[in-house]
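2 protein chains.
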Amino acid sequence: MRNLMTFACPFRRKYPLPSQKDDLFFMSMAYNEAITAWEEEEVPIGAVIVREQEVIASAHNLAETRKEATAHAEILAMAQASRFLGDWRLNESILYVTKEPCPMCAGAAILSRVGEIVFGFSDEKMGCLGGKLALHQLLTWNHHPRVRFGIMSEECYELVRVFFEKRRKKDDNISNTTMTH
Amino acid sequence: MRNLMTFACPFRRKYPLPSQKDDLFFMSMAYNEAITAWEEEEVPIGAVIVREQEVIASAHNLAETRKEATAHAEILAMAQASRFLGDWRLNESILYVTKEPCPMCAGAAILSRVGEIVFGFSDEKMGCLGGKLALHQLLTWNHHPRVRFGIMSEECYELVRVFFEKRRKKDDNISNTTMTH
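One line per chain: the protein sequences are A and B, in this order. Take the first sequence: its letter number 40 is residue 40 in the numbering used here, and every next letter is one higher. Take the second sequence: its letter number 107 is residue 288 in the numbering used here, and every next letter is one higher.
Everything labelled a hint here was simulated from the structure, so no lab data went into it. These figures come from a predicted structure and were not determined experimentally. Each residue gets a CB set at the ideal place from its N, CA and C atoms; glycine is no exception. Possibly wrong hints are sitting among the right ones.
For lysine-lysine, the following DSSO-like pairs were computed, each having C-alpha atoms within a straight-line distance of at most 30 Å [unchecked claim]:
1. B:248 / A:67
2. B:248 / B:195
3. A:132 / A:166
4. B:248 / A:21
5. B:195 / B:347
6. B:313 / A:132
7. A:125 / A:169
8. A:125 / B:313
9. B:347 / B:202
10. A:14 / A:125
11. A:170 / A:14
12. B:350 / A:132
13. A:67 / A:166
14. A:125 / B:306
15. A:14 / A:166
16. B:202 / A:67
Distance ranges between label pairs, derived from CB positions [unchecked claim]:
17. B:247 / A:64: 18 to 28 Å
18. B:191 / A:157: 49 to 59 Å
19. B:233 / A:157: 37 to 47 Å
20. B:265 / A:144: 35 to 45 Å
21. A:66 / B:318: 46 to 56 Å
Chain A extracted, bound-state conformation:
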């Protein structure tokens, strides 16, 4: 029981004024999705897709729950948006995501012709929109989405950092408990 409590998410959802539909507003919605992911014991990453100032898709990482490595927030959000629009082309849409997309998600966003990608924090290890690689700048692709980053980067990064820190502690506690019994 103590372990579960230790692992609870210490961060709060953010609710900026809906009258200001700016980057901060939409990234807050992606951030709130990331908190939902934590509450479901998933790595806390969230994404929303915006078209004409309206959110048309909203998702969080579900890799563990669905037992599918491909169930990243961005992939799920893009699938939702495509279903909503009845079209796989997302040229007029903006993808907001708390972390720089991995190769799979960056590739999927390029294939889906997402107009713009805005991410929270950079990922030097796996990020493919400038962090480790810059897939979107390869001239052989048919589509080159605009890319911006740095919106709420600190909050988005802290969420992931603290999640892994707490999960490690929880795992250590469990193995210690098991060993002393």
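Could you slot chain B onto chain A? The hints should help.
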């Protein structure tokens, strides 16, 4: 009517002896999936996933049908395999696919920890396992699948080349017909 006939798939499915469960046998099954894709008016790419000499997943490109840019043969096959095994980790599995995977699919295979990837023909424009990029060789990933290629590469390539040739002709015929009426 004539247009549809022109567009029909002129290639036949292959049935090597099941007693020889080698690369040719498994790539033939991926090839047959690609033919099914053509019959559904999808770009003819197919994939199967093999574990302990048994096919545990089999899929073809469904991007147009599902109206999802992410519905590539490899992604669908990996999702099937994960469901079958009840685990997103595919370390013991081999992915056979008729074409070199795109960045999305290569990324997904690395994330899914696919043990080995065997593809038919290389793609210098979008291929991410050596053709354009070599995502699997980046040292920052946790997992580095083995990669082989060249199995039935000519047949797999011809399928895609002729598909695009015939589709262009069909589109031209349709626009000519429309213009003369």
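We went through each hint and held it up to the structure:
With a C-alpha separation of about 24 Å, the suggested pairing of residue 248 of chain B with residue 67 of chain A holds against the 30 Å cut-off. A threshold of 30 Å between alpha carbons decides the hint, and for residue 248 of chain B with residue 195 of chain B the separation of about 29 Å falls inside it, so the pair holds. With a C-alpha separation of about 26 Å, the suggested pair residue 132 of chain A and residue 166 of chain A falls inside the 30 Å cut-off, and the hint holds. Taking the CA atoms of residue 248 of chain B and residue 21 of chain A, the gap is about 29 Å. The hint holds against a cut of 30 Å.
Note on residue 195 of chain B and residue 347 of chain B: the hinted pairing holds, with a Cα-Cα distance of about 21 Å set against a maximum of 30 Å. Annotation: proposed proximity of residue 313 of chain B to residue 132 of chain A holds, straight-line Cα distance about 16 Å (limit 30 Å). A hinted pair counts as satisfied when its Cα atoms are at most 30 Å apart, and residue 125 of chain A with residue 169 of chain A qualifies at roughly 23 Å. Straight-line distance between C-alpha atoms of residue 125 of chain A and residue 313 of chain B comes to about 20 Å, which keeps the hinted pair within the 30 Å bound.
Taking the CA atoms of residue 347 of chain B and residue 202 of chain B, the gap is about 33 Å. The hint is violated against a cut of 30 Å. Of the pairs offered as hints, the one joining residue 14 of chain A and residue 125 of chain A holds, with about 28 Å between alpha carbons and a cut-off of 30 Å not exceeded. A distance of roughly 26 Å separates the Cα atoms of residue 170 of chain A and residue 14 of chain A; the hinted pair therefore holds under the 30 Å criterion. With a CA separation close to 42 Å, the supplied pair residue 350 of chain B and residue 132 of chain A exceeds the 30 Å bound.
Only pairs whose Cα atoms come within 30 Å are accepted, and residue 67 of chain A paired with residue 166 of chain A is accepted, the gap being roughly 22 Å. Straight-line distance between C-alpha atoms of residue 125 of chain A and residue 306 of chain B comes to about 24 Å, which keeps the hinted pair within the 30 Å bound. Of the pairs offered as hints, the one joining residue 14 of chain A and residue 166 of chain A holds, with about 21 Å between alpha carbons and a cut-off of 30 Å not exceeded. A distance of roughly 29 Å separates the Cα atoms of residue 202 of chain B and residue 67 of chain A; the hinted pair therefore holds under the 30 Å criterion.
One distance hint, 18 to 28 Å for the beta-carbon pair residue 247 of chain B and residue 64 of chain A, holds here, with the actual separation near 24 Å. A beta carbon spacing of about 54 Å between residue 191 of chain B and residue 157 of chain A agrees with the range 49 to 59 Å that was offered as a hint. The hinted window of 37 to 47 Å between residue 233 of chain B and residue 157 of chain A holds, with their beta carbons roughly 41 Å apart. Under the hint 35 to 45 Å, the C-beta atoms of residue 265 of chain B and residue 144 of chain A, about 37 Å apart, fit the expected range.
The beta-carbon spacing between residue 66 of chain A and residue 318 of chain B, approximately 29 Å, falls outside the hinted interval of 46 to 56 Å.
Of the numbered hints stated above, those contradicted by the structure are hints 9, 12, 21, listed in ascending order.
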